[in-house]
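Undergrad: Chains as they are written, first to last, in the working numbering: chain A, 1 to 342; chain B, 343 to 656.
No lab work stands behind these hints: they were computed from the structure.
Accuracy of the hints is not assured; some may be wrong.
To be verified - When the alpha-carbon atoms are kept at most 20 Å apart in a straight line, the in silico PhoX-like pairs for lysine-lysine are as follows: (1) A:74 x B:439; (2) B:609 x A:342; (3) A:342 x B:488.
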Amino acid sequence: MSVANHVDHAPVVSESKGQAERDRLRMMMLIRRFEERTYQEYTKPGQKIGGFCHLYSGQEAVAVGIASIFQKGKDYLINAYRCHGHSLALGMDPRAAMAELFGKATGCSKGKGGSMHFFQAEVGNLGGHGIVGGHIPLGLGTAFAQMYKKTGGVTFCLFGDGAINQGTFNEALNMASLYKVPAIFIVENNGVAMGTQVARASAEPELAKRASGYHMPYRAIDGNDIDTVIAEMNEAAQRGRRGEGPTFLVANTYRFRGHSMSDAMKYRSKEEMEQAKLRDPISLYEIRLREKGLLTDEQADAMEEEVAEVVADAVRQADVDPHPMLEDRFNDVLAEQYPLQK
Amino acid sequence: MTEEMERDENVFLMGEEVAEYNGAYKVSEGMLDRFGPKRVIDTPISEAGFAGLGIGAATVGLRPIIEFMSWSFTLVCLDQIVNNAANIRYMSGGQFKVPITFRGGNGIAHQLGATHSHRVETIYTRIPGLTVVTPSTPYEAKGLLKTSIRSDDPVIFLENEKMLNDAGDVPEEDYTIPIGVANIERPGNDITIISYGRPLQRVVRHAVQALVNDHGIDVELIDVRTLRPLDKNTLIESVKKTNRCVIVDEDYGYCGMGAGILHQIQKPCFDYLDAPIEYVHSDEIPVPFNHFLEEAMMPSVDRIVAAARDVCYR
């Protein structure tokens with residue numbers, strides 16, 4: 001048996017030492033730049049992005065950490081509405097992502113989903129779901145299918161600290177443990193559900209303990225440290241792949257932007273924000289890579305410039321891409337033609 | 343269900359009491375023994391949990407049959423069906439299909455009270471992305487259920503507890519009935535009566551007999567079978583022929599199923615109508631427990647006969 005068989009994820013081909021780490025850093029930078037540019041496009045005069053829009057800035061280590069161990073073609077990721085970062089981390093073309101925000105036909109959901117509903121079936125990205133907690137049973141279901149078909153895949157089911165208080169959380173986690181499905185339920189705990197702090201929404205302040213009634217491993221992890229995220233996700237994924245059932249992880253993190261674009265964040269103090277910036281997941285990782293000698297100033301600068309250009313290109317392209325044809329509104333409602341005889 | 347599970351290993355049955363209890367109404371009797379616990383699966387009382395499980399599994403290639411003990415209980419998992427099953431395909435620009443069948447007892451059974459007697463057809467029929475199927479005979483139940491399970495779209499399959507013991511000819515062999523096609527159950531020339539599901543079995547067929555035998559009215563009776571997509575053409579052509587129409591259901595009248603059907607046929611048939619279309623429906627009250635009150639709130643043979651005679655001016 002070759003050594004590769006023991007590796008739980010496809011080994012990253014690196015041309016030089018630290019390439020995989022730098023790729024992760026680059027992806028976090030790309031997501032940050034994408035979101036900050038989205039903020040600009042949303043707020044500037046002649047607004048080209050409409051609807052609800054929830055930015056991921058500050059939480060990048062969770063999405064990129066998961067993507068680091070995600071097995072494309074086998075694993076699934078299903079997510080709530082703050083879904084730009086995860087989609088990019090799983091390899092979505094930034095052009096397709098930005099075009100979706102602009103509502104264009106070239107968007108990842110053909111302009112029919114919008115910010116909250118990014119999907120990419122071929123990589124196992126199952127959305128992008130707008131109703132808080134509504135998709136948790138879906139993640140249970142995709143994991144059930146993985147078990148039913150014995151694929152060896154796992155489902156990463158992500159939601160926010162607000163979703164824990166929905167009934168679907170209780171129903172899905174209980175059933176996941178009963179059936180021992182290979183799911184990893186991940187709370188991205190950014191401390192506040194829209195404007196309601198965790199302490200005002202959850203009677204149990206330690207959110208990880210909310211899973212103590214489901215007979216599955218649970219713990220809180222540092223969601224700003226991508227190496228921690230990778231290690232914890234990997235352990236949970238291996239449990240799932242071994243058929244040992246689901247895991248519950250609370251990734252403690254922070255969002256630098258408001259809940260959505262209209263949020264002035266009056267519920268946060270300046271001091272709190274400044275403290276949080278000290279634990280910016282991108283800066284933390286950058287410092288670590290420099291300390292390990294895996295990143296030079298020139299490399300970091302080049303990466304910043306490169307992702308800025310990628311995002312600028314995505315905006316330019318989205319701007320000129322076509323809107324969907326009006327007739328296209330009737331497409332994609334049903335899969336079958338009716339009358340249906342089978 | 344058994345035949346379809348033998349035909350396709352991706353089909354499984356899940357719901358409350360479907361396995362070890364052999365079905366709350368014994369619909370799945372013997373299926374656990376036949377297919378084992380991997381494919382006939384008991385759930386906790388968690389409608390949102392197992393409805394969502396089915397939808398998630400369907401989006402990645404399985405073909406679940408999700409049994410609800412009562413469609414009334416789906417009021418606690420509407421979000422799963424309406425937001426997830428119906429929307430995922432559209433919101434993803436057609437990247438996913440959701441081949442799932444939700445089935446169970448719909449409507450008024452017998453003295454189950456207001457909470458367990460909801461007629462949910464309009465709740466689901468008005469949602470693009472869903473198909474809604476409702477059999478009125480054992481023959482239809484088998485043929486329509488097979489098509490529903492094989493469909494790549496989410497199907498709302500509305501049964502009724504009081505129809506589970508109905509007897510009727512059901513061929514042993516594999517046959518299917520198309521979704522989206524209404525059935526002209528009795529051809530006639532004087533009036534079109536349109537109905538579906540339980541009221542057909544409970545009162546409408548009896549009323550038709552009375553109209554034909556006692557009043558000499560030659561009724562054309564149509565069983566809609568599929569509420570979404572509605573086979574408008576069959577209904578319209580019939581009314582153009584008979585020039586008169588009565589719609590019967592057990593729903594509430596205001597925003598009811600029949601009101602929706604009426605809207606679909608009134609305009610194309612307007613110049614052909616010899617009388618306004620009548621709609622016989624349940625009273626606008628929560629469903630009472632008392633047997634006599636419950637009976638009184640629903641369309642009766644007398645009410646249907648009276649409406650049909652009104653429309654025929656005799």
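Undergrad: Hint by hint, note whether the structure agrees.
TA: Right, here's what the structure says about each hint:
{"no.": "1", "hint": "A:74 x B:439", "result": "18 Å, holds"}
{"no.": "2", "hint": "B:609 x A:342", "result": "33 Å, violated"}
{"no.": "3", "hint": "A:342 x B:488", "result": "8 Å, holds"}
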